[in-house]
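**Student:** Here the protein sequences come in this chain order: R and W. To convert, take the position in the first sequence, counting from 1, and add 42; that gives my numbering. To convert, take the position in the second sequence, counting from 1, and add 42; that gives my numbering.
Derived by calculation from the structure, the hints in this document are not laboratory data. As the structure is a prediction and not an experimental result, all values here were calculated from the model. Ideal Cβ placement from N, Cα and C applies to all residues, glycine included. The reader is advised that the hints may include incorrect statements.
What the hints assert, rightly or not - Label pairs and their in silico Cβ distance ranges: (1) R:Asn188 x W:Arg104: 21 to 27 angstroms; (2) W:Gly340 x R:Thr65: 26 to 32 angstroms; (3) R:Lys128 x W:Asn208: 43 to 49 angstroms; (4) R:Glu216 x W:Pro339: 52 to 58 angstroms; (5) R:Lys311 x W:Lys316: 31 to 37 angstroms; (6) W:Lys76 x R:Pro124: 17 to 23 angstroms; (7) R:Glu176 x W:Met134: 55 to 61 angstroms; (8) W:His200 x R:Asp244: 29 to 35 angstroms.
There are 2 protein chains.
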Amino acid sequence: MEKVFASVITIGDELLIGQVIDTNSAWIAQELNKTGILVKHRVAVGDVWEDIWQALDEESKRASLVIITGGLGPTADDITKPLLCKYFDGKMIVHQPTLDYITHLFEKVLKRPMIERNAKQAEVPDTCTVLKNERGTAPGMLFQKNGTVFVSLPGVPHEMKWLMTNRFLPMVPELFKTGFVVHRTLLTAGVGESFLAEQIKDIEEALPAHIKLAYLPNYGMVRLRLSAFGFDKESLEKEVDHHFGLLKERTKENLVIGEDLSLEQVVGKLLKEKGKTLATAESCTGGYIAHLLTSHPGSSAYFTGSVVSYDNKIKQKILQVPDSVLNTVGAVSEETVLQMARSVQQIMDTDYSIAVSGIMGPDGGTDQKPVGMVWIAVTSRTHAEAKIFNFRFDRRRNIELTASHALNLLRIFINENR
Amino acid sequence: MEKVFASVITIGDELLIGQVIDTNSAWIAQELNKTGILVKHRVAVGDVWEDIWQALDEESKRASLVIITGGLGPTADDITKPLLCKYFDGKMIVHQPTLDYITHLFEKVLKRPMIERNAKQAEVPDTCTVLKNERGTAPGMLFQKNGTVFVSLPGVPHEMKWLMTNRFLPMVPELFKTGFVVHRTLLTAGVGESFLAEQIKDIEEALPAHIKLAYLPNYGMVRLRLSAFGFDKESLEKEVDHHFGLLKERTKENLVIGEDLSLEQVVGKLLKEKGKTLATAESCTGGYIAHLLTSHPGSSAYFTGSVVSYDNKIKQKILQVPDSVLNTVGAVSEETVLQMARSVQQIMDTDYSIAVSGIMGPDGGTDQKPVGMVWIAVTSRTHAEAKIFNFRFDRRRNIELTASHALNLLRIFINENR
Chain R
43 MEKVFASVIT IGDELLIGQV IDTNSAWIAQ ELNKTGILVK HRVAVGDVWE DIWQALDEES
103 KRASLVIITG GLGPTADDIT KPLLCKYFDG KMIVHQPTLD YITHLFEKVL KRPMIERNAK
163 QAEVPDTCTV LKNERGTAPG MLFQKNGTVF VSLPGVPHEM KWLMTNRFLP MVPELFKTGF
223 VVHRTLLTAG VGESFLAEQI KDIEEALPAH IKLAYLPNYG MVRLRLSAFG FDKESLEKEV
283 DHHFGLLKER TKENLVIGED LSLEQVVGKL LKEKGKTLAT AESCTGGYIA HLLTSHPGSS
343 AYFTGSVVSY DNKIKQKILQ VPDSVLNTVG AVSEETVLQM ARSVQQIMDT DYSIAVSGIM
403 GPDGGTDQKP VGMVWIAVTS RTHAEAKIFN FRFDRRRNIE LTASHALNLL RIFINENR
Chain W
43 MEKVFASVIT IGDELLIGQV IDTNSAWIAQ ELNKTGILVK HRVAVGDVWE DIWQALDEES
103 KRASLVIITG GLGPTADDIT KPLLCKYFDG KMIVHQPTLD YITHLFEKVL KRPMIERNAK
163 QAEVPDTCTV LKNERGTAPG MLFQKNGTVF VSLPGVPHEM KWLMTNRFLP MVPELFKTGF
223 VVHRTLLTAG VGESFLAEQI KDIEEALPAH IKLAYLPNYG MVRLRLSAFG FDKESLEKEV
283 DHHFGLLKER TKENLVIGED LSLEQVVGKL LKEKGKTLAT AESCTGGYIA HLLTSHPGSS
343 AYFTGSVVSY DNKIKQKILQ VPDSVLNTVG AVSEETVLQM ARSVQQIMDT DYSIAVSGIM
403 GPDGGTDQKP VGMVWIAVTS RTHAEAKIFN FRFDRRRNIE LTASHALNLL RIFINENR
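Full structure from sequences and hints, please.
**Tutor:** Rendered as structure tokens:
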């Protein structure tokens with residue numbers, strides 16, 4: 043057994059001019075990691091013949107697995123398939139099962155006439171193993187050359203994921219003899235990266251060479267991740283768990299959870315365990331907190347809903363914030379968020395509520411209430427708390443920071459049995 | 043003047059194991075593009091000395107500008123700065139303005155004791171030009187070697203963006219003599235990529251070599267983008283506009299807008315122009331449509347708010363969906379979404395409303411109502427319409443598809459003056 047390294051090549055001009063954010067690479071890396079394959083290098087190139095060719099040459103020297111995504115569409119800017127045909131000394135042949143599938147797709151599902159361009163999608167180089175695509179018209183292709191495995195997949199995320207999961211990943215044990223990768227992640231809140239590093243310095247320095255520690259700061263929180271590689275899974279896990287235990291013990295004052303979960307998942311887990319429910323009243327976050335909570339399956343067990351009161355009239359009408367409050371201290375105030383939180387909790391009959399009101403920018407700030415100023419309230423059936431924050435970043439980051447601080451405030455509130 | 047090519051190197055193990063999605067690269071590419079610099083290549087490497095060194099060697103051969111992000115933190119996994127010091131034959135010196143800023147930051151803003159590790163952030167190789175960071179403790183650094191410019195920036199997105207915008211981009215005209223890049227993008231809905239390609243085949247074939255056409259399919263919509271490079275800005279724009287006009291004319295039946303806008307921006311623009319308002323009642327999307335609308339500045343002019351009725355009790359209590367409807371045809375039905383839409387429009391007193399109810403998965407599907415089945419309603423003060431969709435993908439994609447189809451339904455509804 044040996045370490046198996048992979049490279050990921052993503053193809054498409056849209057990646058290089060920044061029109062599209064590459065989410066495929068992260069997903070591919072995660073999935074390969076689970077099989078013990080380590081992504082060592084990632085490259086993005088445009089729809090340019092020489093650049094793709096060169097990337098294939100270079101990456102195959104670095105890695106024994108090269109995953110290629112994109113450039114397989116039916117339009118003229120997609121040149122990957124003819125290029126692969128030439129690169130792997132093949133000639134184009136029709137892959138009958140794919141042609142049958144495409145024909146079926148157009149006749150029965152899309153109910154549109156199939157054109158020549160669509161049928162051409164069924165052509166593949168005769169030097170490849172076809173990974174039949176049941177989510178689209180572009181088949182996946184697997185090639186082998188000089189000891190390297192090359193896998194070409196469409197760039198459309200849900201097609202790529204389907205082909206990886208159902209076609210390529212099941213082939214990995216046959217193709218590679220690899221070791222194991224073990225990750226352990228913990229989430230901390232309320233402490234800076236530097237301070238944390240000082241706190242755990244001796245633990246970090248005592249780590250063996252095959253276990254690496256990474257710091258991942260994000261939105262006022264820091265994740266610590268141990269990554270280890272080895273060939274005996276059981277002893278590797280035991281070893282990593284030992285070091286991970288030391289980290290958890292040392293950071294316990296700021297520890298949110300010893301798993302790789304997002305904050306909304308941590309809050310959801312907490313609510314589920316306690317059999318409690320939550321509603322939100324959102325002004326400046328415009329439904330983002332509700333979106334975060336409901337993006338995870340099973341959230342209906344603890345999340346009832348939200349009143350997004352973007353307009354002040356809605357704060358008055360549905361959330362019963364009195365005119366007198368809005369006209370004196372205003373919408374971004376302690377009184378307003380507390381009333382929003384209490385009202386939504388009452389309307390939705392929940393155990394807890396979150397309410398937020400603030401100025402996200404770029405406009406709308408004043409001297410007294412600058413962009414980034416946010417009031418956050420959390421309530422239970424017996425307690426209520428409101429806090430002010432000043433973020434002062436751009437709109438997107440202010441929204442994200444407001445959401446993460448609101449969720450963290452609730453988490454602490456619940457843990458304190460308030 | 044000549045074409046100036048750039049490479050982007052992102053550094054960090056978290057990118058290679060897929061824990062973090064790289065949003066920096068897309069943003070950097072967009073900003074460089076505006077100055078006429080073309081990103082030709084993008085690479086991600088881990089926190090590994092040899093890999094970073096090799097990437098610097100390789101990318102400097104390809105590009106006259108190499109942007110490096112990440113690896114500048116205060117912790118032991120961040121090795122980029124010592125590496126750059128060695129790579130560019132420098133020795134570490136203290137950059138006094140940065141040290142003053144860090145000291146100020148800890149004393150006045152963070153109000154935490156500054157530790158040795160923080161002060162070390164102010165050290166830089168004496169062979170660099172410092173790009174002073176006013177958003178964090180890691181300074182940006184600019185090096186020049188063998189005709190290539192290297193810029194090293196922190197990986198934290200808001201710090202990187204601030205340094206690019208305020209420090210590096212203003213230096214571009216001095217450093218490079220470059221041409222101009224012109225992009226034009228249009229958005230279509232309701233037509234497949236292949237069919238569109240047939241429809242515009244002759245226009246595509248007649249494009250000169252310096253103008254490229256790209257197809258960008260996403261969520262049932264296809265973007266067409268023309269990208270051109272040249273040295274005479276005025277004549278280039280005129281030329282691109284000519285071809286763009288042909289594309290718009292040819293695709294007019296499916297044309298949403300001739301700009302690079304998201305669908306929620308198109309809807310927002312339409313509402314603003316007409317002086318109309320919108321509210322949403324969201325079940326299965328959990329506030330995602332409201333979040334999309336409010337993620338753009340100025341949305342308070344047309345968006346009043348949302349009732350996220352995740353729990354059926356909220357559909358009854360706030361949105362007046364009768365028990366009899368929920369108990370017979372159920373929450374995912376034409377009757378339910380129409381009532382949700384009408385109620386939220388009335389409660390929030392808006393000109394239009396959107397309501398959605400469906401099963402996003404992975405659980406909760408039945409034979410009659412499978413995962414991916416969604417009812418969407420839109421209403422105006424005089425009309426109402428409901429449509430059923432079947433998406434059948436994963437949860438995240440189902441939520442995104444529901445949002446984009448709901449927004450598109452409203453767009454058509456408004457354009458038909460209903």
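**Student:** Holds or violated: the 52 to 58 angstroms window for the beta-carbon distance between Glu216 of chain R and Pro339 of chain W?
**Tutor:** holds (53 angstroms)
**Student:** Taking 26 to 32 angstroms as the hint, is the beta-carbon distance of Gly340 of chain W and Thr65 of chain R inside that range?
**Tutor:** Hint holds: Cβ distance 28 angstroms, inside 26 to 32 angstroms.
**Student:** 17 to 23 angstroms was suggested as the range; check whether the CB atoms of Lys76 of chain W and Pro124 of chain R agree with it.
**Tutor:** About 33 angstroms separates the Cβ atoms of Lys76 of chain W and Pro124 of chain R, which means 17 to 23 angstroms is violated.
**Student:** Confirm or reject the claim that Asn188 of chain R and Arg104 of chain W have a C-beta distance inside 21 to 27 angstroms.
**Tutor:** holds (24 angstroms)
**Student:** Is it true that the C-beta distance of His200 of chain W to Asp244 of chain R lies inside 29 to 35 angstroms, as the hint says?
**Tutor:** holds (32 angstroms)
**Student:** Could you see if the CB distance from Lys128 of chain R to Asn208 of chain W stays within 43 to 49 angstroms?
**Tutor:** holds (46 angstroms)
**Student:** Should the hint that Lys311 of chain R and Lys316 of chain W are 31 to 37 angstroms apart at their CB atoms be regarded as holding?
**Tutor:** violated (45 angstroms)
**Student:** Within 55 to 61 angstroms or not, the Cβ separation of Glu176 of chain R and Met134 of chain W?
**Tutor:** For Glu176 of chain R and Met134 of chain W the Cβ distance comes to about 56 angstroms; the hint holds.
Going down the numbered hints, you'll see the structure goes against 5, 6, while the others check out.
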